[in-house]
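J.: Residue numbers (full-length UniProt numbering), protein chains in the order written: chain C, 1 to 323; chain G, 1 to 323; chain F, 1 to 323; chain U, 1 to 323.
Careful, some of the hints might be misleading.
A pair holds if it fits inside one copy or across any two, identical chains being indistinguishable in the list.
Derived pair list, reagent style DSBU-like, types lysine-lysine, alpha-carbon separation capped at 35 Å [unchecked claim]:
no.	residue 1	residue 2
1	Lys-315	Lys-155
2	Lys-10	Lys-266
3	Lys-120	Lys-159
4	Lys-159	Lys-10
5	Lys-87	Lys-266
6	Lys-315	Lys-71
7	Lys-159	Lys-266
Everything labelled a hint here was simulated from the structure, so no lab data went into it.
4 protein chains.
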Amino acid sequence: MCTAANYITKDHYFGRNLDLEFSYNEAVTVTPRNFVFNFRRVPPLESHYAIIGMATVADGYPLYYDATNEKGLSMAGLNFPENADYKPEADGKTNITPFEFIPWILGQYTTVDEVKEALKDLNLVNIPFSEQFPLSPLHWIISDRDASITVESVKEGLKVYDNPVGVLTNNPTFDIQLFNLNNFMSLSPEPPENNFSRALGFDTYSRGMGAIGLPGDLSSGSRFVKAVFTKVNSVSGNSESESISQFFQILGSVAQQRGCVDVGGKYEITIYSSCCNTDTGVYYYTTYENSQVTAVDMHRENLDGSELASYPLVKGQQIAMQN
Amino acid sequence: MCTAANYITKDHYFGRNLDLEFSYNEAVTVTPRNFVFNFRRVPPLESHYAIIGMATVADGYPLYYDATNEKGLSMAGLNFPENADYKPEADGKTNITPFEFIPWILGQYTTVDEVKEALKDLNLVNIPFSEQFPLSPLHWIISDRDASITVESVKEGLKVYDNPVGVLTNNPTFDIQLFNLNNFMSLSPEPPENNFSRALGFDTYSRGMGAIGLPGDLSSGSRFVKAVFTKVNSVSGNSESESISQFFQILGSVAQQRGCVDVGGKYEITIYSSCCNTDTGVYYYTTYENSQVTAVDMHRENLDGSELASYPLVKGQQIAMQN
Amino acid sequence: MCTAANYITKDHYFGRNLDLEFSYNEAVTVTPRNFVFNFRRVPPLESHYAIIGMATVADGYPLYYDATNEKGLSMAGLNFPENADYKPEADGKTNITPFEFIPWILGQYTTVDEVKEALKDLNLVNIPFSEQFPLSPLHWIISDRDASITVESVKEGLKVYDNPVGVLTNNPTFDIQLFNLNNFMSLSPEPPENNFSRALGFDTYSRGMGAIGLPGDLSSGSRFVKAVFTKVNSVSGNSESESISQFFQILGSVAQQRGCVDVGGKYEITIYSSCCNTDTGVYYYTTYENSQVTAVDMHRENLDGSELASYPLVKGQQIAMQN
Amino acid sequence: MCTAANYITKDHYFGRNLDLEFSYNEAVTVTPRNFVFNFRRVPPLESHYAIIGMATVADGYPLYYDATNEKGLSMAGLNFPENADYKPEADGKTNITPFEFIPWILGQYTTVDEVKEALKDLNLVNIPFSEQFPLSPLHWIISDRDASITVESVKEGLKVYDNPVGVLTNNPTFDIQLFNLNNFMSLSPEPPENNFSRALGFDTYSRGMGAIGLPGDLSSGSRFVKAVFTKVNSVSGNSESESISQFFQILGSVAQQRGCVDVGGKYEITIYSSCCNTDTGVYYYTTYENSQVTAVDMHRENLDGSELASYPLVKGQQIAMQN
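Looking at chain C on its own, in the form it has when it is part of the complex (with noise of 0.2 Å):
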């Protein structure tokens, strides 16, 4: 499914993989501030913050699957089936759709303590981009620098929890995940004491052992435990090549490879893997079969416009050659 996280050096790091079994022709997609985000039930955003991320361009509207504002605030909708339960329309809310929630809460907002107050009067409306794009079952994590939350339309209504971890996957909801890490908080990077028995001797036979008992398959609730326990425990230098390189590292030690989770003779597998630097608003992404870095900055376009500006993912491997 998917795993989305935040990382901070000296910049500020946000992203995702998206794991699936087929590709909407997703682009790394530039807003730039004039491009006029109309609304199914609100007015219109003529201007706005201008935003980079994965979005899947359809009817010139951007699909946004993660992305970053000019001002650094980030936003991925990641897949939360059986759970997301949207809301028929509510008079007297802000009745947004799911598909409008990146644009509307990217193109106004600066940081998640604003978001949290706009998500007050918010409703996610069940009202369908088309019927070629019939609604996702979405949840997100909206992070800035300083925090991020999760947001989560749930049967009982609008929850936002905080997110101290800055790592969002699927299913169950957020509350039962963050619960779940108390099961493995004994486990550590530093080599395992013996608590088992001062009677007996034991063997310290290889490095790593102290996190033993981490989870490794690929679930959504294993992902969550080994990209929580990765990121904490990250260690880089500040470099943006150090830092996007942890940061893909993170998001690599939760990736799906191709044959590991079948879905009935298709397979799931990370189609990419997004790093935004959130202060430079430059986009990084990998994909499966194209581990090279590939990058747009979002400063290079013209942020005044109206016009989106798409660039295709470079799929197959980019060898260099030494020889």
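Following the hints, position chains G, F and U against chain C.
T.: Relative to chain C, chains G, F and U alone:
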């Protein structure tokens, strides 16, 4: 520590992760046929099969970590602390030092069957390369397209195991690693079935749940199980791009992220990942901080020469800007 | 902490382990029909169904831990720290204190369906029994032969969950406990099948391997999974000896051995295990140090009386010498 | 399958669970000093130490499952399928059949050290008792108060392992079982510490969480880990009641409940659990359906006699009514 694996599509691929907290200036190194391989206790190989692989070149001698010869036979040495036990020189035996083992095998043999025969007389003799390069405790995987074996010199003597999974990590001894797989036989890339109780309903709330129980920590026992599961369930196309991408994905499933294995304030990381197409002699690699695939083609060198050709690793991220 | 379960053969059985590091002189206590149950905020029950169960009798009041009434309705309170949240008195509600909850339910109702109806108006009010006996944080399982429910008074209010497994332990909240079972759905009492790879052979080297992955530690989350697995797969004859033996075996699977749960130099142990035949009103129990089954038969008391009958626990091993 | 253990308080205790899906009319059997032990390939023991233990008596010969002699030396045979490999008769060796092994050892030796010496010449010869009683594949634990060993006759020959944990189950071979404990060294009876991340808070929501990761299924590898953890962390008083209660609690932690191990429509269960006070010669046991401790005292028999004394197991629940 390390993980080695092989993989077959149209061609045969062999490679490994080198996981360490430091680096010895390893370089992709081609040894042509007429480079003289001197040995401490047996006569030199004046001419031999050409070899490509990763090596530290010390005093003009290629200390190979992993390599493939022009006939496609491949071999890698992996850390085996506490278990590796090298022997005094033995009369009537072929006394080969651990650091000579890869050249001696790859210089002369073309198949695993030939190697098995040669190993009957082998004694891995405890002579270090130099004061600066003492003996490393190692065991080895040797693969051709049809079979793999694991070679371990332990207290009881030289053990040669058939390796039906084509994967090697580190401790414990290979017989125990292989036995331990039995505990995971019910794991599946397909969705789990309800075996718990027909009286209860269960919710397959995530894809990938059929492999719940697969370990995800970075100890050598856990990496072995995870790497075998990923490899034996791998699905990919036959093209070179698809094949090497899948191979690097397999290695990525057990890569070591900086911070997750603390060895006294330093961190073990996956310094490089390699993938040699053993049919074409092209050696591909990525490094911790450069995810682009870089390659050296053995056949672009003068293989009838007598001088080593060495290509230092390209280490910083090689980012392709799209705008 | 604790585990409660029910079990059906010809008759219906209900019981629990009490896991604590200390004891309150609990005794098997029969409350006859005309013992006056006074309540703090609602009128007394002057006559009611007779009840048998384990209780500490304080100031003449039976503080039941678990009990069954003469109609077979059963109920047990289990530790629920951090989650239990009792409320101020509420107008228009039936204000029952946690220590009155078992008598109030078992005194008046005969089925889980009746109880569900009664719970609609219930408010678990935060009034302690006395200074000496402050409120315990509890949640409850209520069972008849056909159904079980779990009742939790938490911050959000009173939650009543259907309990399809007929098992209760402690934290986390019951919805999370039940959800967590999904992660174990592939476990089986039968030998494991090879889902890992058709290309590899595996050795079913032991019986019982189909349930590898079942937790064995004594935390409440792990005991829940293990107890449910044991209960739902239980097989036994219908006789009283076979039925109660199987029931104590189920409880034994999650018993706490002295030394395995260290609570600051004291040790939590399974102080007693109970099993009430809810059809005959015979209450069986064992204690940590007396594995012989001791029993009290409700119907050997004068159930039309007004005085409690209390039987202190037989605690030392009752050994039967054969020679 | 089975679990054996020993335990020390003031006295030394030794016993086991017998886990099977059928029963051979086993009975507590005392062999006095002058019962003649005939052997197939070595001279008979006309007089020897007296022995008490569980045995099937066939043709007047006690086929012991587990036993203790009057000097306190104890021994149990446990199922070891696929691994046990008995040998042809060997010249110059002491050729003992597996079914003679317990009488031959316990008849003559008083300490584990003496036994180790005797085993140097031992050959476990492949001669069955009779057509009706073919050879069982077994391995053995032999204990005195100070030490335990495990004896395995495998393809490579007779292996004698020091057994520092005083526990034996079944497959795999004992060296692998002992090695596997390393993977659990960080488990603790105390509450878990946060090693995961100092930046995150965790909730120790249940007692017992320090041992999360302890296996709870009934395979022999898992029972070994769980039984060792329970035993080495056991705490009890020194009285006979406290000691044997704790011992049966240890065995109970790995008991097999009917239904949890399906062997083709039959179910393996813990047919009996035994606990012999090796200092006093009292043999205690419980059965699956009789949890009361029943006992036979060796010293109430005429130990200078020549006839076996056999006490059939008391099997139905022996319930003590309190009213």
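J.: How would you label the pair Lys-159, Lys-266 (within, between, both, or neither) given a Cα cut-off of 35 Å?
T.: within (33 Å within a copy, 41 Å between copies)
J.: What label fits Lys-120 with Lys-159 when the C-alpha limit is 35 Å: within, between, both, or neither?
T.: Close inside one copy (10 Å) and across copies (26 Å); limit 35 Å.
J.: At most 35 Å between alpha carbons: which applies to Lys-315 and Lys-155, within, between, both or neither?
T.: Neither, since 39 Å and 50 Å both go past 35 Å.
J.: Within a copy, between copies, both or neither: where do Lys-315 and Lys-71 come within 35 Å Cα-Cα?
T.: both (29 Å within a copy, 32 Å between copies)
J.: Pop the pair Lys-87 and Lys-266 into one bin, within, between, both or neither, using alpha-carbon distances up to 35 Å.
T.: within (32 Å within a copy, 51 Å between copies)
J.: State whether the alpha carbon distance between Lys-10 and Lys-266 is at most 35 Å within one copy, between copies, both, or neither.
T.: For Lys-10 and Lys-266, the Cα distance is within 35 Å only across copies (21 Å; inside one copy 40 Å).
J.: I want to check one pair: Lys-159 and Lys-10. Are their C-alpha atoms no more than 35 Å apart within a copy, between two copies, both, or neither?
T.: within (31 Å within a copy, 47 Å between copies)
In the structure shown, a violation is registered for the earlier hint numbered 1 alone.
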